[in-house]
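Student: One-letter residues, chain by chain:
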Amino acid sequence: MRPLIEFVHADFAYGENNVISDLDATICENECIALIGPNGVGKTTLLRLATGTLTPTCGGVTLKSRPLDSLRQREIARSVAFVPQNVEVPFPFTVRQFVEQGRTPFLKMFGGLGAADYEAVRQAMEWTDTWSLRARVFNQLSGGERQRVKIALGLAQEPQLLLLDEPMQHLDIGRQFEMIDLIDSLRSEGIAIVASMHDLALIEGTFSSVWLMSLDEQMQQGSPEDMLRPEVLENAFRCSPRHRPRLLERTRNRMERAL
Amino acid sequence: MVWEVTEACVESPHGWMREYRHRWLLAILGVLLVLAALVAAGVGAVHVPVWHLMGSVIGGKSLSADQRVILFAIRLPRIVAALLVGSALSVSGLLFQGLFRNPLADPYVIGSSGGAVCGASIGVFLLPPVSVAGFSATAILAFAGALGSITLVYWLARVDGRTPVVALLLAGFAVSTMLSYSSYFVEVLDRDFGTDMRVLASWLHGTIAQPTWPQLAIVAAMLAIGLTGSVPLARNLNTLALGEEYAAHLGLSVQQIRIAVIVIGSILTAAAVALGGLISFVGLIVPHMLRMVLGPDHMRLLPATALAGALFLLIADTVARTAIAPAELPVGVLTALIGGPFFLYLLRKTKQEVML
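If you're matching them up, the sequences are chains A and B in order.
Quick note: the first sequence, position 158, residue 158 per the working numbering, numbers continuous.
Quick note: the second sequence, position 275, residue 275 per the working numbering, numbers continuous.
Note that these hints are calculated values from the structure, not bench results.
Beta carbons: idealized from backbone N, C-alpha and C, even for Gly.
Covered stretches of chain B (chain A as the covering partner; in silico rule of three or more C-beta atoms under 8 Å from a C-beta of chain A):
hint, region
1, 101–114
2, 238–252
3, 291–299
Turn these sequences into a full structure, and let the hints guide you.
Tutor: What follows is the structure, given as structure tokens:
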């Protein structure tokens, strides 16, 4: 598997506040990575470093062996799509007009969308099952619909890597399962995925590996089976041992044992 | 392949259905504009019947000498001025709304008009004979004033890349009040204090006075520059609506777009203020009405806003000068009367949605 994004001794700080230090990690083609860790540990920051919208204070990030800071943002956006947690649109754009913005990295200064662009938009919307929503106003969608439409915008970029920031947020259990199905289908089409996740029970079976960030240690990487063990999680999330039964309930290991 | 293209056209919102509606609207606005101009040329203290005008345009009949003077020296310049000012105000409103990602932005509300008045009064009172490359100091200083005030408000009102309504309105109010009243201060500094007093008064009320043809030519040039410059910005404003960070991720040069919008919006504001002074809410009403018909796509809105803004202000100015004849109402008073309640309605509606 060829590497898409590589972090090479990457540090990042907001002013004095060090968020990421000495990060070495690689996102390869066709990988599906769950990014977990306590609140405020820098999961979104790591995703933004991979999109080039943030630049490491020290060290570097490369896309297919080329440093991100030597590439124009348009070029990066044709390979890497970022789906943010919240999008606020001040005007009543339709779902379709919203998804069309995903073609921005392909358009010339004065040109409009061409037939190929419309086709990419349509495919992205059919894939995420949002084609039927195309005439609706984005602001009036439910949380689950909005999430799928945001992913459609990312897919309209025809990316090789899709970065999802909290894709399960505000979703009911049925919509969470739909999201899992969508992630599975994207993966089978050869798109690499990194998703920051809070619900640990949804990780096993879909994600190929887990990146665990914790506040004062280096990021740990491993398979879901290795990483979703109570000792590991307890330490990273700073849970008190008396909550271990609850922690076990939140991971799949426990469920399998029960079965 | 042919089928694909056709299907894409039919299905897309930029396809023929919307295209049709958009084109029709432009055509209707164009026709209304011509009709409104004819009516506006006809009405006033001396009534010139519309068919006389039509006759003279087509070339059959000729007008009397009196009618000629009234038309070409008095009414026509004023009609052209109303068209230019209305168009400039509406388009700058549209641009600022896109920039601030806020449908309540308007050159008057956010203080850019106030800055232009302040700059223009420095030109009128302190540097009357100066001109640079054919442009009077007034026009250039109005532009500088608009540019300075919008930059200040933008810097004051932004919180984490967003512009909350409250911050925008408060910063705009403070800057606008401060700058428009500074004009009085500038006036007092004038050595010939008193002679140009009416100029300032009419500016602050928003009156389209009796412009000369050279003044109109300068403003028309500014409007042309502003409209041409807006065309490549329109699609970028759609992307910017997603938020600055997201737009940057998609490859938009946010900083460049931001500067371009501020500069072009200020040229348009300065053009409007140089002829009409502080005319409020036009830049708010016109884009909003069109958004209800055409949706929020800035590429569709731009040409329609330019035409509808011209039409709106021509009608408002004609009503303002004929409604209580022989007295004349400053058109700014009329737009404030219509626009104030409209602004409050929008504020209330926006509050219910997401922005506060």
